[in-house]
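Residue numbers (my numbering), protein chains in the order written: chain A, 332 to 499; chain B, 15 to 450; chain C, 19 to 143.
In short, the hints are calculated from the structure, not lab data.
No experiment lies behind these values; they were computed from the predicted model shown.
Careful, some of the hints might be misleading.
[Stated by the list, open to error] Sample of chain A residues with no beta-carbon within 10 Å of chain B, all distances over it, derived:
#, residue
1, Q379
2, F386
3, A430
4, I435
5, L441
6, A461
7, R470
[As the list claims (entries may be wrong)] Under 8 Å between C-beta atoms, here's a sample of chain A residues computed to sit facing chain B:
#, residue
8, L367
9, A387
10, G395
11, S425
The beta carbon of each residue, even a glycine, is placed where N, CA and C say it ideally should be.
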Amino acid sequence: MVLNQIIFDFFAAIAAASALAMVTRRNVLHAAILLLATLLATGGVFLQLQAEYAFATQLLLCAGGVVLLFVLVVMLLSPEALRQDASFDWKFYSLSALALAIGIEIAAFLLARHDGALWAATQGLPANNAGAMGDALFRDDLLAFEFASVPLVAAIIGLVTFGKRRAE
Amino acid sequence: MAHALKIWGTIGIDFLDATLIVLFLLAGIVGTAVFERTTSPSVAREAARQGANFALLLERLAFSLRSYVGGLLNQDAGRFLPWLISIISVASGIVGFAALSFGPAVHLAPLNTGIIFIFGASMLGIQGGVLARGFSLRSTSLAGVARNGARVASFELAAALALISGVVLAGSISVDKIVEAQLDQGAWFLFLTPLGFLIYFAASIAGIDGAARPRSQTELDRQRDCADAPRPFRWPFGSLGATIHLLIGAGLATTLFLGGWLRPFASYHDHFAGMSVELLDALPPLVMAAAAAYCHRLASSETDRGRQQVMNVVCAICTGLVVILAAALFLPAALAAVHGAFWFLAKMAVYIYALLWVRARVPQFRFGRPIRAAWNFLIPIAAVNLVCVAAALVARERWDWSPAASTFGATAIALLIALWLGLHDAGETAPYPVES
Amino acid sequence: MIPIEHYLALSFALFLIGAGGALLRRNPVIILMSIALMLTAVNVNLIAFSRLWGTVHGQLFSLFIMADAAVETALGLGILVAYSRTRSDSRESAGVGEPTADEAATQPSDSDAESSEVPVERPVL
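Assemble the whole structure, with the sequences as input and the hints as a guide.
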């Protein structure tokens, strides 16, 4: 329906534009904010697909966590580590022009197809997304869920090890 | 055609609801500022010294809000992204309110995953404050800003664990189902997990990010040059983003721990003689009538014309609310919604008042202590409380303990462990390992 | 409803932009951000297909991907901080006089006309 299309186009446009702007910034803090905008817009696409749990988790985890990490680290690092050594040279511009050309061609091909699979409004979709996700997490895929905690623990241990102070 | 009209009509109603929410937020900010004058003696002293009154408060609030929105029109370029991050933080806070339920079906966005979404929106809001401070071009120590952000994130973690204990009791993360669970279990979750509520309360207070919005140079110059330019509003918690973050925190606490839009003693259905009106339902109009009478008394004893007019307006608003609340008593369809909204906002107001009262009396933390307190004490206690609440739930359902017994047992165990943790932590241990 | 190709186009666009950023930029933080962008693009793809087939498993997998993205971002940034601290330590002990240690370094070290690098002080946690 038209409203769905408008909402999706809105979020998709914001996501793509923010992503493009993000990889072309010199100032790293600006890039972090544009990453935030991209993640929020992608979350909006999730919500439009009625994936409410993924939307909430994207907001909390990716937007609220990952971007916060980036910003804190950018604030902590000294300028030497962040110093650009001429990223924007002729190689950058020519390769990105090539990528843009290929990308536009493939995207146009994708968007021109109209015989792709469509879905009915509520084809087999469980009404309570959170409940369905809970069932999947704790009944069907419990092993995967428990294993997902292993890299998290490893990351915590690794980061604490990184943060150790030397004896001054 | 009629179908399209219905769709756009729904969207129009949603916009109206969104405007109502923004108005509620404004009223909430004003109310918080008034509460701060009442609870904190230092703020009251400074306000009295400046000759501040209610009308001046409103004027300063309007000026600050206008400068927030109009920041884009400042002359200095390169401030678009900092302004954007301020707007993102405020907007995400407001969006978080959209998922809160003010009544049985009174909400803008009935999400299945309401609690997580609201918490995420409030995290975004507070993170915007951290980001905005990093843009300041003054020689602020950015490592200090990072430490501030780390402190805020640590206390948000403790608050999240406390929230989860309430979610465990309810069995759902949908806002409506949580309030219904409190109705079914006959007790607010405050009484079923008092430690969880206390942890959330403490984490709310300690996690306040006091970062102010960095002012552009032209704004500072303009304020310095014109002597009669209105001074900026003194936000109760340091910045608009932090205030909205706390209002959302109050909304979350009300939903999870204080029964949401339920009336106190919601299952007590005694009626007035001969009428279908329940006894306790007459409380809201009576409370608003008392507020209106108080405002009228204040207005008649005011000497200044301007202040008198402002108090008269407030009195008129209160009287209008009395009429609405009393009329809703006789319209069963609107009763739950209107009175639910009243109870929700009243509980939020009480929570914020208590928060400001405690904050005014607890001394400011020293520099390194808050993060230590968070990681060595508050987060372990929140995790222990979560396990105890789950155990209490199991005891209630499997072994048929009464709610009082299971709650008492769970709280006792958690408090004992908290006591042990507090005594054990009396030595100053750092939260990170130090190579020696 | 919206044909699935639109979601695929968005996912492809985000992935391409992320890959371009990861390969063509030299700033380590921007590279990490581009990798996170690529993972988000994959999430969009997964959730779109999960909606198409009416199951919930695609969304489940996207959860794991989000957790992994957070982990890998955190670890990458941790390595970066540790590395920069090692480099600044060795540079200081080698006697190179970089004026980063004092509070007076408020003016940005090399500021071009357009980019305003925010002045940071030496990392002290």
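How the hints compare with the structure:
| no. | hint | verdict |
| --- | --- | --- |
| 1 | Q379 | holds (13 Å) |
| 2 | F386 | violated (7 Å) |
| 3 | A430 | holds (26 Å) |
| 4 | I435 | holds (28 Å) |
| 5 | L441 | holds (28 Å) |
| 6 | A461 | violated (4 Å) |
| 7 | R470 | holds (15 Å) |
| 8 | L367 | holds (7 Å) |
| 9 | A387 | holds (4 Å) |
| 10 | G395 | holds (4 Å) |
| 11 | S425 | violated (28 Å) |
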